[in-house]
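2 protein chains.
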Amino acid sequence: MTLFDNPSTALRAGMRRLAASVCVITAVDSSGQRQAMTATAVTSVSDDPASLLVCVNRQAGLYDTLSQGHRFAVNVLSAQHAELSQLCAGSATGEGRFALGSWGDSSGLPYLRDAQAVFFCQTARQLTHGTHLVVIGDVDKVLVADGAVDPLLYADGRYRSLNPED
Amino acid sequence: MTLFDNPSTALRAGMRRLAASVCVITAVDSSGQRQAMTATAVTSVSDDPASLLVCVNRQAGLYDTLSQGHRFAVNVLSAQHAELSQLCAGSATGEGRFALGSWGDSSGLPYLRDAQAVFFCQTARQLTHGTHLVVIGDVDKVLVADGAVDPLLYADGRYRSLNPED
Numbered sequence: 065m066t067l068f069d070n071p072s073t074a075l076r077a078g079m080r081r082l083a084a085s086v087c088v089i090t091a092v093d094s095s096g097q098r099q100a101m102t103a104t105a106v107t108s109v110s111d112d113p114a115s116l117l118v119c120v121n122r123q124a125g126l127y128d129t130l131s132q133g134h135r136f137a138v139n140v141l142s143a144q145h146a147e148l149s150q151l152c153a154g155s156a157t158g159e160g161r162f163a164l165g166s167w168g169d170s171s172g173l174p175y176l177r178d179a180q181a182v183f184f185c186q187t188a189r190q191l192t193h194g195t196h197l198v199v200i201g202d203v204d205k206v207l208v209a210d211g212a213v214d215p216l217l218y219a220d221g222r223y224r225s226l227n228p229e230d
Numbered sequence: 065m066t067l068f069d070n071p072s073t074a075l076r077a078g079m080r081r082l083a084a085s086v087c088v089i090t091a092v093d094s095s096g097q098r099q100a101m102t103a104t105a106v107t108s109v110s111d112d113p114a115s116l117l118v119c120v121n122r123q124a125g126l127y128d129t130l131s132q133g134h135r136f137a138v139n140v141l142s143a144q145h146a147e148l149s150q151l152c153a154g155s156a157t158g159e160g161r162f163a164l165g166s167w168g169d170s171s172g173l174p175y176l177r178d179a180q181a182v183f184f185c186q187t188a189r190q191l192t193h194g195t196h197l198v199v200i201g202d203v204d205k206v207l208v209a210d211g212a213v214d215p216l217l218y219a220d221g222r223y224r225s226l227n228p229e230d
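Line by line, the protein sequences give chains A and B. Each residue of the first sequence is one higher than the one before, counting from 65 in the numbering used here. Each residue of the second sequence is one higher than the one before, counting from 65 in the numbering used here.
Next up, chain A with everything else stripped away, as it sits in the complex:
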């Protein structure tokens, strides 16, 4: 193994080996504008209350909306959504991030109709650490795909998928 001493370089090098599912966080800002942002820092927190967390850079367009406590949805992308992920990761802005994919509306929140799963959340707690905001959301509704379990993954700086032979 190689030892990295500079913490930031080290974190990035090590995290290339932690594969993560790719999600798109959606919300609606105070002016009614839909927002979407790709995120891989998403995990479940607790069964009771049913909750998950997302980490959002304080420079992100979605930061203001989430820090103000607006509701949000976590859309777990499917393996075919790599191009949509790129759009929501920064190659488009504002409403342009909804140019690909089939987006629906549920209780006023945009969601991706062919996502692996969609978690609808109410902000429960927030914590700022360094460059990022950690938002814990209580989950009040979930849509789950009926087809194969085939999420889009990100590892080693590129998009991946599950090995179908496992």
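Derived by calculation from the structure, the hints in this document are not laboratory data. Certain hints may be false.
Note: identical chains are not told apart, hence a pair may lie in one copy or across any two.
Unchecked claim - With a straight-line cut-off of 25 Å between C-alpha atoms, the simulated SDA-like cross-links for lysine to any residue are: (1) K205 x N70; (2) K205 x S155; (3) K205 x M65; (4) K205 x N227; (5) K205 x S170.
Given chain A, put chain B in place with the hints provided.
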């Protein structure tokens, strides 16, 4: 898609489709006993300070040690570590969790020599939400494997790996 209304059932059903890398968290308790616990709720938080977070059930053996602020290591498992993961997920207890794998010691913390990466952390912040403790750790040292990027994944209730054809 199927709509789930019971939040806990819904969260579990949706999370089966969010593939995650499998990690083993290690620490040493106040009496000097080594501890290990399998966890998939691990994400990076911030580049500056370099930090990550782990979510730990308050019923877990590791809970007391982490809540007391002891240092910990996050070992990102490799695809061949499924059996070791099972051991550290509850099929063994205490020192028995170190019965498989090649464990080293770095500054007093156990680490897995053939992990994909090992992050050594000092607890920075903690937050309790429902059944779980969220621990944010500042990363001061990282070991990164030199070989192929091939983490052990967990999705749909079983162990998986990355598709080598991507």
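Going down the list of hints, with the structure as the test:
no.	hint	in the structure
1	K205 x N70	between (42 Å within a copy, 8 Å between copies)
2	K205 x S155	neither (30 Å within a copy, 33 Å between copies)
3	K205 x M65	between (43 Å within a copy, 12 Å between copies)
4	K205 x N227	neither (30 Å within a copy, 31 Å between copies)
5	K205 x S170	within (10 Å within a copy, 44 Å between copies)
When each numbered hint is compared with the structure, violations occur for hints 2 and 4.
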